[in-house]
Amino acid sequence: MIASTLKATTCLVVASFIGTAAMASDAYGPFPVTVKGYSGDAENSVSYSGQVARHVLHDSLKKLAGKGDGGNNAAQLEAMLLAYFEGSDDDLEIIAPASKDGFPVKQSTVNEISSGKNIAGKFYSGAMLAWPGNKSGVEVAREMIRHAAAAEQGYDAVNGYDWAQLISKFTLGAMAYNQAVDNYLDEKLDADTKPNDQPYSEGAAYTGKEHSWDEAFGYFGAPAHTASLSPQQAYAIAKQTDLAAADANGDGVVDLKTEMVFGPAYYAAGADKGGTKSTSYLQTIFAAFRDGRALIASAEGEALTDAQRNELKSYAEVIESNWEKVIAEAVFKYAGSVYNDLEALKSDASDEKALRAYVKHWGELKGFSMALQSGKNNLGATAFDLNWLVGFGPAMPDGKMVSDIDADGNFLREREMSFEDYQVNMLKVQKAMIDTFGIESRANDATAGLADLAEKLGTNASAESD
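Under our numbering, the first residue of the sequence shown is numbered -7, with each subsequent residue one higher.
Not one of these hints is a red herring.
Dumping the calculated DSSO-like pairs for lysine-lysine here, alpha-carbon to alpha-carbon at most 30 Å: (1) LYS368 with LYS352; (2) LYS180 with LYS127; (3) LYS127 with LYS392; (4) LYS98 with LYS265.
Computed spacing ranges between beta-carbons, pair by pair: (5) ASP444 with ASP82: 55 to 61 Å; (6) ALA183 with LYS345: 53 to 59 Å; (7) ASN126 with VAL150: 21 to 27 Å; (8) ASP390 with ASP61: 24 to 30 Å; (9) GLY108 with ALA399: 34 to 40 Å; (10) ASN126 with ASP81: 31 to 37 Å; (11) ASN241 with SER272: 23 to 29 Å; (12) ALA119 with GLY242: 46 to 52 Å; (13) ASN126 with ASP33: 50 to 56 Å; (14) THR185 with LEU235: 39 to 45 Å; (15) GLU194 with ASN65: 43 to 49 Å; (16) GLU131 with GLY108: 19 to 25 Å; (17) ARG407 with GLU294: 55 to 61 Å.
These are computed hints drawn from the structure, not numbers from a lab.
Glycine included, C-beta positions come from ideal geometry on N, C-alpha and C.
Build the full structure now, drawing on both the sequences and the hints.
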């Protein structure tokens, strides 16, 4: 509601700066250059190519994480994975999203988007208690990369790990979500940090506040023309199956800088299109970003007043709360997937295809549960409960799950858990997402069975997840 109220205030501002043609599409930009004394050639002050480059590094990292052959190529693959994670002096090939039939991509190397970028330097460095070993977030990511390089196609069938999914979903939180909500939309909105009456850096065509806001928008991963897209179209762009929806300027190729849908926006669209109740996460977050940017432009290169900054912070609150819900929706969805997978495995625990699907979905659940803990909000007891319910690894057919990790990096499997007990845990995860975050899309909702299943299992289920 805040976003819709503030949109009316900023529409006239946008019109005065970018004209009626741009207003017709409600795009994110172009916005005018407002830096006082700027002498360059730029006419558009929008810039978030560095964030797009990091999305591409993430997508490529995920793709490569499934390329291991069980150990023979581990050293070579780990070096490649680290190049995309830590950064490289080389101009790295875009592994994903790359051109495919019917969906040509304009750029083929990362430096064509932005040079000198990495993931590690923008990764959550706080303690990540959701993973064994009491390590920081960035240390956990490096450990996952090492294991992925040594695994067969990124799969650990003993402990139940899908390394590509774990790395990817954790990174969507620990890089993109964390940087946006706990940096650019937090301290960088303070009056004395990146002020609007000064360029972001010497010679820049954008002010401190303009670029800080743009960088946060870049991490969301939405194309500039999102306002004209349905959730189904945005989802299809991310899947590279709808060139017409992606190609906003009609040049026949997809410009990753402005026309592609990346992770966070993709999951917002997924929640909007695929739940049990209609939601509008994608458009709500996009509108708050766009309207906040118009508000900054309306200051015409002057320092923001307290009233303007307070208004800007209200947009940031809309973005933060809805983005958090998008991640909680993903946790809910994949807890439901795990629940359904377990139902199949109870019939035949030797079904390798069913087990592989279960491990994949668990990796998505665990990665997103870690992502949820990478923002600026201390989730407290909710995080503790979530980490216990999901565990350090999924319940496996032998009744064991990972309980810890030793000094040599070997996983210990000493916690016992039946498939039925773990199903109860998944239902409790879903209930926690509803109770704590008020999510509404609720894809794969299995909570109707919570009372019946808990009653069937008796005290064992409740004791395991207290």
